[in-house]
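S.K.: Sequence:
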Amino acid sequence: MNKLLITTAALTTAIAATAAPRPAYDTGSTEFYYSKAQVGYTWSQIAADDGQTEVAGPETLVVGASYPVNELVFVNGGYQRASIDNTIASIDNNLISITTDSTTQTFTIGGGARFPIAMDVDFNVGASYNWQNNETQSVAGSTILATNQSSTNFAAFNAGLLMTLPDTGLYTAANFELGLLEKTQTNIGAEVGFRPSDQFSVAATGKFDTDFTTTTLGVVGNLHF
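Numbering (numbering that gives the first Met the number 0), first residue to last: 0 to 224.
Quick caveat, the hints were computed from the structure, so don't treat them as lab data. Hints may be right or wrong, so weigh each one.
Label pairs and their in silico Cβ distance ranges [what the hints assert, rightly or not]:
(1) 165 / 53: 37 to 43 Å
(2) 132 / 162: 33 to 39 Å
(3) 164 / 84: 36 to 42 Å
(4) 212 / 80: 19 to 25 Å
(5) 116 / 137: 49 to 55 Å
From the three backbone atoms N, C-alpha and C, an ideal C-beta is built for every residue, glycine too.
Working from the sequences, and respecting the hints, build out all of it.
M.R.: Structure follows, in structure tokens:
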């Protein structure tokens with residue numbers, strides 16, 4: 000409940016902060032970024048305990064949308080489904096493998112505000128509330144040995160910069176994310192995209208946790224409206 004109150008307060012503050020008139024130097028070249036339906040796919044690498052090798056992390060389907068309430072305020076939401084399969088043991092001369100299948104689903108709703116700070120450059124802030132469910136199954140061959148389920152709700156905040164390159168269709172964004180889980184998570188995100196038309200864009204994405212243990216790369220497509 001406290002996290003929900005924090006999220007509500009942050010959204011209210013962001014909306015109130017946008018009451019000022021729109022800056023004269025805002026050309027509108029960044030507005031497309033906040034008006035979109037999005038689908039994407041990401042994959043991760045996780046550093047092993049020795050710090051030298053990496054193991055495959057979850058692969059994630061990403062679906063989301065953002066809608067501008069006005070020129071400076073937007074709301075957004077999304078859904079992510081992350082899955083990973085790990086072989087943890089083998090028996091009968093590797094004829095049967097015991098694996099763990101883990102699926103994490105996250106639903107998100109939130110919003111934020113954009114603050115044009117220079118020609119074709121935005122500073123933006125956002126807050127969200129997230130509902131996350133995890134299911135892990137231990138499987139031997141076709142037999143399910145055990146199923147464990149857990150869920151958590153948490154607030155998250157982000158702040159970042161967005162820049163477009165005039166007359167090129169290129170844009171880039173970077174942001175810092177803070178997730179208020181049982182153990183606070185902090186990530187740095189980056190995005191480099193190309194908008195061949197007013198209605199469509201595609202981008203490469205990256206996310207790096209500040210503990211330097213997980214690297215997530217991906218690609219997204221955006222339909223702008």
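S.K.: Compare the structure with each hint and give your call.
M.R.: A quick look at each hint next to the structure:
{"no.": "1", "hint": "165 / 53: 37 to 43 Å", "verdict": "holds (39 Å)"}
{"no.": "2", "hint": "132 / 162: 33 to 39 Å", "verdict": "holds (36 Å)"}
{"no.": "3", "hint": "164 / 84: 36 to 42 Å", "verdict": "holds (41 Å)"}
{"no.": "4", "hint": "212 / 80: 19 to 25 Å", "verdict": "holds (22 Å)"}
{"no.": "5", "hint": "116 / 137: 49 to 55 Å", "verdict": "holds (51 Å)"}
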